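> Here are the chains, one letter per residue:
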Amino acid sequence: MRFYNHLLKVTIFSGAALCAVVILLVFLIMVFLSFPFFSHEGIKIFSQSWNPSSGSYGIAPMIFGTIITAVPAVLIAFPISLGYAVFAAETGNKYLKKTAVIIIRAASSIPTVVYAFAGIFLIVPIVRKIGAGGSGYSIFSASLVLAILISPTMIFFFYDSLKSVGKPIQQGAFALGATKSEKVLFLSFPAAKKGIFAGTFLGLGRALGDTMISLMLAGNSPSIPDSAFESARTLTAHIALVMAADYDSPEFRSVFACGIILYLLTAFLSITANYLYKGKI
Amino acid sequence: MKIRIKNLNFSYKNFHVLENLNIQIQNDSITAISGPSGSGKSTFLTCLNRLWEEYEEGLLTGKIEAKIEDKWIDIYHKKISVSLLRQKIGMVFQMPNPFPMSIEQNLSFPFKLKTSSLTGKKRIQTEIIKALKKVHLYEEIKNRLDSPAQSLSGGQQQRLCIARALMASPEIILLDEPTSSLDSKAEKRIEDLLKELKNECTIIIVSHSESQIKRLADHHIHMENGRIIKDIKY
Amino acid sequence: MRKLKAPFLKIFSYFSFILYVGVFIFFTSYLFIRSEAPFSSVSIFGESSFVKAVFYNEPVFDGLYPALCGTLLLVVISVLIAVPFGTGTGLWLSEFAKGKKLKIMALLIDVLSGMPSIVIGLFGFSFILIFHKIFPDKSPGFSIIVSAFSLSILVLPYIAKSTQTAINSLDKSLKLSGLSLGADKIENIRYILLPNAFPSILSGILLALARCAEDTAVIMLTGAVANAGIPGNIFERFEALPFFIYYTSSEYTSQNELTMAFNASVLLIFICIILFIISFGINSIASGKKKRIK
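Protein sequence lines, in the order shown, are assigned to chains P, R and D. All residue numbers for the first sequence refer to our numbering, where the first residue is 25 and numbers rise by one. All residue numbers for the second sequence refer to our numbering, where the first residue is 74 and numbers rise by one. All residue numbers for the third sequence refer to our numbering, where the first residue is -4 and numbers rise by one.
Check before you lean on any hint, since a few could be wrong.
As the list claims (entries may be wrong) - Under the rule of at most 20 Å between Cα atoms (straight-line distance), these lysine-lysine pairs were calculated in the PhoX-like manner:
| no. | chain 1 | residue 1 | chain 2 | residue 2 |
| --- | --- | --- | --- | --- |
| 1 | D | Lys95 | P | Lys204 |
| 2 | P | Lys118 | R | Lys86 |
| 3 | D | Lys93 | P | Lys187 |
| 4 | R | Lys194 | P | Lys204 |
| 5 | R | Lys207 | R | Lys161 |
| 6 | D | Lys5 | P | Lys204 |
| 7 | R | Lys185 | D | Lys5 |
| 8 | R | Lys194 | R | Lys215 |
| 9 | D | Lys156 | D | Lys95 |
| 10 | P | Lys33 | D | Lys5 |
| 11 | R | Lys140 | R | Lys79 |
| 12 | P | Lys118 | D | Lys156 |
| 13 | R | Lys151 | P | Lys204 |
| 14 | R | Lys161 | R | Lys140 |
| 15 | D | Lys128 | P | Lys33 |
| 16 | P | Lys204 | R | Lys187 |
| 17 | P | Lys204 | P | Lys187 |
| 18 | R | Lys271 | R | Lys261 |
| 19 | D | Lys5 | D | Lys93 |
| 20 | D | Lys5 | R | Lys187 |
| 21 | D | Lys5 | P | Lys122 |
| 22 | R | Lys75 | R | Lys206 |
| 23 | R | Lys195 | R | Lys206 |
| 24 | R | Lys185 | P | Lys217 |
| 25 | R | Lys75 | P | Lys204 |
| 26 | R | Lys144 | R | Lys75 |
Said to hold, decoys possible - Here's a subset of chain D near chain P, in silico, CB distances under 7 Å, partners left out:
| no. | residue |
| --- | --- |
| 27 | Phe80 |
| 28 | Met110 |
| 29 | Phe265 |
| 30 | Ser282 |
| 31 | Gly283 |
Unchecked claim - Computed footprint of chain R on chain P; a stretch qualifies when at least three of its residues, placed anywhere within it, have a C-beta under 8 Å from a C-beta of chain R:
| no. | region |
| --- | --- |
| 32 | 186 to 198 |
| 33 | 252 to 266 |
I should point out that these hints are in silico values taken from the structure, not numbers from a laboratory. Because the structure is a prediction, the values reported are computed rather than measured. Here a beta-carbon is modelled for each residue, glycine too, at the ideal position from N, C-alpha and C.
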């Protein structure tokens, strides 16, 4: 009996310690392995041309690609997610409200690779038709499917925030003559501001960090595109694609540089979202 | 007369909360309602501004008529706009419930509603100052109207809530134990305020305190188990 | 203008709901239609029979069985690694950590939870590289154990957070009951807190399981390959359903292969939804019990 108690104690403390160690280790190894790349290439890595055969290793197109797919995805997902959350928390019909919550829970368990796969057959052909002569594999396709992917996460956050608006102040609003919609618009939204921000940041983090959708739908050409219907490559897809290359080449090490950039970006977003939501660091 | 209530019965969740209430309330008076917990006092108030409809599936029978804008109306009539009704019959709650916004935003809230007839920044500012003066809060906070309402003391918050309810120029104000969470000094201020307000509004106040009722009431109704036990006009 | 806003909100919320649900149903039903669900033996086992493949280890070339096995094996090993560390960390956070330590750890976990899965895959891969440099003979290389280890890092935040939440939402008097009877902290955790928080912790673990099953980016960089059969030990490469879907989508040579990818999609959705339903069910039963006690 004593043994198990002791085992438990060990698990708890070593678990926590190891957790901290691993998280820091991830960062350190990234830095360590990307260092040769940064020192060798210096500021050149932020150049716009990626052409390993001619010695240029600029990852700027990938940084651009990441931002240009993630930000539109959040812009598309935000209003729809907010509307959905309002429906599920406030304005929906009694039975549909419950269904709405269940659907969103189910949707959040669907893997990104499945969304991407379906996107190949459902979104790409349509984009091919409407986009002037492109192949359909484009920023536009990737952003759309990313929006679908991140919606459940954002909806959950928004829904939670709306539901936690205090009942006394809601009663106060009704007593002053507000209708339900007016209450949501003029009381719930301002009161839930923090949660709405945090949810958006989280959605952005997810969109920036996703690999499969941009890998399978955005086209992967390593240059800055001219229009939304052209192909682009994100940092995440770049990592996946380059992994097949030679181990010690600068091409390969560029991957760790991408990793660091992604790590820092998402870490920043997570910390900010956390700070907004809980009001402290 | 301001309010006529005939054979009011109200039940929800199979619980008969109010039984056969017959009440007449005069205008420009203070009516106090007392009774033990669970006697239905607060529920009765929410029947007057139909607030229960936002939260419960209840059954109400009987008639409640009020003289609003010099016309007698049936509060539960199908064609009545509930939003408009609630602006004419205001409510203040037991625990102060200012919105998590600035004082100014709290007070201008009623003007955002579509049933409000007031517009224009200047007009709204004037009304805000008027209401704050009525509750004797203006001098205390005139320099920090954009600070958060929740930074005020309990007594100040409650007066703010009364001011907020006054913004829509109600003819009747319902107060549910408004001073029970306040100290005696704050309580006195609010009682004095109510005595002033009675000249422009009909006031119905639920109170636990016999002494408060003695100080304020022109009309005292005592309820137990959803029924009226005493109905005294002074 | 302002007066128009309010009714507009209701319409917009209905519109958003219908739009999202429509798209969701559109996507999922398309996958179902193009798959062969409900599955026959051929989809899973190709030309071998069920008995031969499962019991006699006959290789399956045309079916999802190896990928399915790979995924299941991977998930089990990942969870075996992640659960002790995750719950340990969660317990530490809710019972032992205070002040600065708590804040720092919570911050680290938040950073980890936001990290892109490919970066974690990259870490797993660099782990292989570094190991290879230090111990050139004993390096595990591309293998199921490295993938499982990397996946456990991925889901660690989920398990830690849900354990922490589960313990923190226990009734305060319950939390103190063991201590007031003379138990020390560890005994209190073992005999009172864990059993009572168990359902919530379990549902968090199930969600982590689902996350392991569906992830592609991590395993792509650490051990998943196109053709490996069923791994004989944990140091071998493996196949997995999500990876199968990915590489089929870019390199399919026949309609049949494509259909298999649709099958894999449906199978994967099915696994994840079942895990989600069980997790949801556990949570409902647990909160139902709480209500009855109150």
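> Now tell me, hint by hint, if it's right for this structure.
Structure-based check of all given hints:
1. A C-alpha spacing of about 43 Å is found between D:Lys95 and P:Lys204, which places the hinted pair above 20 Å, so the restraint is violated.
2. Distance check on the hinted pair: P:Lys118 and R:Lys86 sit about 18 Å apart at the alpha-carbon level, within 20 Å; holds.
3. Distance check on the hinted pair: D:Lys93 and P:Lys187 sit about 30 Å apart at the alpha-carbon level, beyond 20 Å; violated.
4. Using a Cα cut-off of 20 Å, the hinted pair R:Lys194 and P:Lys204 is violated, with the two alpha carbons roughly 25 Å apart.
5. Between R:Lys207 and R:Lys161 the alpha-carbon distance is near 17 Å, which keeps this suggested pair within the 20 Å criterion.
6. Of the pairs offered as hints, the one joining D:Lys5 and P:Lys204 holds, with about 9 Å between alpha carbons and a cut-off of 20 Å not exceeded.
7. The suggested pairing of R:Lys185 with D:Lys5 holds, with an alpha-carbon distance near 17 Å, which does not exceed 20 Å.
8. A hinted pair counts as satisfied when its Cα atoms are at most 20 Å apart, and R:Lys194 with R:Lys215 qualifies at roughly 17 Å.
9. Proposed proximity of D:Lys156 and D:Lys95 is supported: the alpha carbons are some 18 Å apart, at most 20 Å.
10. A hinted pair counts as satisfied when its Cα atoms are at most 20 Å apart, and P:Lys33 with D:Lys5 does not qualify at roughly 53 Å.
11. Between the alpha carbons of R:Lys140 and R:Lys79 the distance comes to roughly 15 Å, so the proposed pair stays at or under 20 Å and holds.
12. Among the hinted pairs, P:Lys118 with D:Lys156 is inconsistent with the structure: their alpha-carbon atoms are about 31 Å apart, more than 20 Å.
13. With a C-alpha separation of about 18 Å, the suggested pairing of R:Lys151 with P:Lys204 holds against the 20 Å cut-off.
14. Distance hint between R:Lys161 and R:Lys140 is fulfilled; the C-alpha atoms sit about 10 Å from each other, no more than 20 Å.
15. Using a Cα cut-off of 20 Å, the hinted pair D:Lys128 and P:Lys33 is violated, with the two alpha carbons roughly 35 Å apart.
16. Between the alpha carbons of P:Lys204 and R:Lys187 the distance comes to roughly 12 Å, so the proposed pair stays at or under 20 Å and holds.
17. Taking the CA atoms of P:Lys204 and P:Lys187, the gap is about 13 Å. The hint holds against a cut of 20 Å.
18. A distance of roughly 15 Å separates the Cα atoms of R:Lys271 and R:Lys261; the hinted pair therefore holds under the 20 Å criterion.
19. A C-alpha spacing of about 45 Å is found between D:Lys5 and D:Lys93, which places the hinted pair above 20 Å, so the restraint is violated.
20. Restraint check for D:Lys5 and R:Lys187: satisfied, since their Cα atoms lie roughly 15 Å apart, inside the 20 Å limit.
21. Proximity of D:Lys5 to P:Lys122 is assessed by CA-CA distance (about 17 Å); at most 20 Å being required, the pair is judged to hold.
22. At most 20 Å may separate the alpha-carbon atoms for a hinted pair to count; R:Lys75 and R:Lys206 exceed this at roughly 26 Å.
23. Taking the CA atoms of R:Lys195 and R:Lys206, the gap is near 17 Å; set against the 20 Å cutoff, the hint holds.
24. Restraint check for R:Lys185 and P:Lys217: satisfied, since their Cα atoms lie roughly 19 Å apart, inside the 20 Å limit.
25. In summary, the hint linking R:Lys75 to P:Lys204 is not supported, as the alpha carbons are separated by about 29 Å, beyond the 20 Å threshold.
26. About 10 Å separates the Cα atoms of R:Lys144 and R:Lys75, which keeps this hinted pair within 20 Å; it holds.
27. The beta carbon of D:Phe80 comes within 4 Å of a beta carbon in chain P, closer than 7 Å, and the hint placing it at the interface holds.
28. About 6 Å separates the beta-carbon of D:Met110 from the nearest beta-carbon of chain P, less than 7 Å, and the hint is met.
29. This hint is violated: D:Phe265 has a C-beta 11 Å from the nearest C-beta of chain P, more than the 7 Å allowed.
30. Interface restraint check: D:Ser282 against chain P, minimum CB-CB distance 15 Å, threshold 7 Å, status violated.
31. Taking 7 Å as the C-beta cut-off, the interface hint given for D:Gly283 is violated, the closest approach to chain P being about 16 Å.
32. For the region 186 to 198 of chain P, the stated coverage by chain R is satisfied: 7 residues place a CB nearer than 8 Å to a CB of that chain, which reaches the threshold of 3.
33. Counting residues of the region 252 to 266 of chain P whose CB lies closer than 8 Å to any CB of chain R gives 0, so the stated coverage by that chain is violated, three being the minimum.
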